[in-house]
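Student: Listed below, chain by chain, are the residues.
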Amino acid sequence: MSDAERILGEVKGFLLEQFLPEEDPAALTNDIALVTSGVLDSVALVKLVAHLEETYGVELEAYEISADFLDTPAMIAGTVEGKLSERAG
Amino acid sequence: MIAGLDDLLSRSAARWPDRAAVSTADGGERLTYSELERAAGSIRDALARHGVGPGDRIAVCAPKSPASVAAILGILQAGAAYVPVDPTAPAARGAFVIEDCGVAAAIVAADLLAGLRGAGELELTGLEPWRKAPGDRAIEIVRGPGGEKTRDAPLAYVLYTSGSTGRPKGVVHTHDSALSFVRWCADTFDLSEEDRFSSHAPFHFDLSIFDLYVSLLHGGEIVLFGEGISKQPTAMAAAIAERGISVWYSTPSVLRLMVEFGQLESYDWSALRLVLFAGEVFPVKHLRALLEAWPAPRYFNLYGPTETNVCTYFEVPAEIPADREDPFPIGLVCENDRGLVVDEGDRPVASGEEGELLITGGTVMSGYWNLPERSASAFHVDRDGTRWYRTGDLVREAADGNLLFVGRRDRMVKRRGYRVELGEIESALYRHPEVIEAAVIAVPDEDGVRIEAFVSRTDGGKGSIIEMKTFCSKELPLYMIPDRFLFRPSLPKTSTDKIDYQALARGAS
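So the protein sequences, as listed, match chains A and B. Residue numbering for the first sequence follows our numbering, starting at 1 and increasing by one per position. Residue numbering for the second sequence follows our numbering, starting at 1001 and increasing by one per position.
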């Protein structure tokens, strides 16, 4: 499994467990909107960011904590991956 | 002489033309008092060119910025009342407000205009674009559906709040009721032109009345926390410290988020000297944590529905006993209002007994827009002809005279400081094509309340929570979207075949 897939899987697991108990995991597709659709509210977004920063040791800038960077599971994982590779590079 | 809210600006602009009047939290945009007065004046003149003026209502639908503050003040200078429309809510809701309030014109951020036009049957013909300065984001002045001009006491603003029948209702305030509150603040808190006031609440939320006008009265600086930063505790905390905010006002929820995620230990808080909170109960455990992080300021719990501005207040003691668990009182009735605690027959209860809080006095609204029956039933008129606003809040008077909040009489709850009528959420859920039955309850939890929606679907099965929330986001403001969805083949009924809310509450986890 690539890093990208691993991060995506972990992020989805966190989202399901924390914010979507009893949701069918298949409904949480990689590209489903979560922030612009109100699935994650502002408090959930803050908790998600805290989780990402702690789990991956990355730091998100204020402008990144928005639907522009974190709307879908794929975008969330992509933002984290970008941070990690920036650091590795 | 201060006769209207707009006089607060002209007076301070005459006295302190070069002091900062309004800025963004990041410090990127800033207007002095003379610049703000000039910008407001150009809005006023543009409105006058199109025949909009005294007795009219004008909607403002734009993100928070110095330009939108200038728009509000320009509307007031024109003698009209402003009607803030939540720029983040579904366009259909904004279109409803514009239609319901019969606004003569609307001042709309250019990128929100198409959505509003598409959501209703509103034409919103363009009158002219407006810019505070060349290169600024475009704001459009457009013609509204129009309506009758008001003739009584000049209205200042109409704030729409959640309505139990499924539609928001407009709370109407005059310049007099707003100024009564603003003057009470000046008498109660020790404020000056040196103060920097946070503006955290959006303009359609009544906390904004303090932020804007108390600051303008004193010649202070309004520091705008816009739609983005106001939800980001780390950036918010940094801005409060770096911009030297001295007066902070928000809901307890926002303060809690900052305690938990704001890294408050990293900053110098010496400028901060007054923290006000309102809109919901502040759980003592979280308030204690806040006082530990910010030990210096004075803290006040302010209480009052949108209909009354602030009508009671309580100063939180500097030290909170370690064993205290009960929330602090809502306090004493403000000096410019009077309060009464009554039973279901509107008879005053004995001190210490529970009853509904009624409020009369300078800060109370004139009524709901275009809802004469709702307005009449919102007040109890006593034998002397005094109109008492029924808050719907149950309170009890403690031995020391402070009022304690006990609960609600109806199905309105406070979630993160916002009023939420559970019935309005149910109305939205019933618009979902697969929903046969819907019932929404509020369950107390450590974050305040959690909103749970029980739904039965045409297929009798489980739906997707993501799909339900996405649907709700097109019908309701984000703060009204239920936290949880529970799918049931059918909902429990009482013997009279109504949905049995008690049974649902017992079954909620």
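It is worth saying that the hints were derived from the structure and are not from the lab. Hints are not guaranteed to be accurate.
[Unchecked claim] Simulated restraints on C-beta separations:
| id | chain 1 | residue 1 | chain 2 | residue 2 | range |
| --- | --- | --- | --- | --- | --- |
| 1 | B | Tyr1267 | A | Ser2 | 31 to 41 Å |
| 2 | B | Thr1165 | A | Ala88 | 36 to 46 Å |
| 3 | A | Ala74 | B | Asp1459 | 22 to 32 Å |
| 4 | B | Thr1165 | A | Gln18 | 31 to 41 Å |
[To be verified] To list a few chain B residues with every Cβ distance to chain A over 12 Å, as calculated:
| id | residue |
| --- | --- |
| 5 | Thr1174 |
| 6 | Glu1227 |
| 7 | Ser1230 |
| 8 | Lys1462 |
| 9 | Gly1463 |
[What the hints assert, rightly or not] Interface residues of chain B toward chain A, partial, derived using beta-carbon atoms under 10 Å:
| id | residue |
| --- | --- |
| 10 | Thr1165 |
| 11 | Leu1257 |
| 12 | Phe1405 |
| 13 | Arg1408 |
Quick caveat, the model's predicted, so the values are computed rather than measured. Cβ coordinates follow ideal geometry from the N, Cα and C atoms, glycine included.
Student: A separate judgement is required for each hint: does it hold in the structure or not?
Tutor: How the hints compare with the structure:
1. B/Tyr1267 <-> A/Ser2: 31 to 41 Å: holds (40 Å)
2. B/Thr1165 <-> A/Ala88: 36 to 46 Å: violated (57 Å)
3. A/Ala74 <-> B/Asp1459: 22 to 32 Å: holds (30 Å)
4. B/Thr1165 <-> A/Gln18: 31 to 41 Å: At 34 Å between Cβs, range holds.
5. Thr1174: Correct as stated: the minimum Cβ-Cβ distance to chain A is 33 Å, above 12 Å.
6. Glu1227: violated (10 Å)
7. Ser1230: The assertion about B/Ser1230 is violated, with a minimum of 9 Å to chain A.
8. Lys1462: Violated, since 8 Å does not exceed 12 Å.
9. Gly1463: violated (9 Å)
10. Thr1165: Interface hint status for B/Thr1165: violated (22 Å vs cutoff 10 Å).
11. Leu1257: holds (6 Å)
12. Phe1405: Interface hint status for B/Phe1405: violated (23 Å vs cutoff 10 Å).
13. Arg1408: violated (22 Å)
When held up to the earlier numbered hints, the structure conflicts with 2, 6, 7, 8, 9, 10, 12, 13 and fits the remainder.
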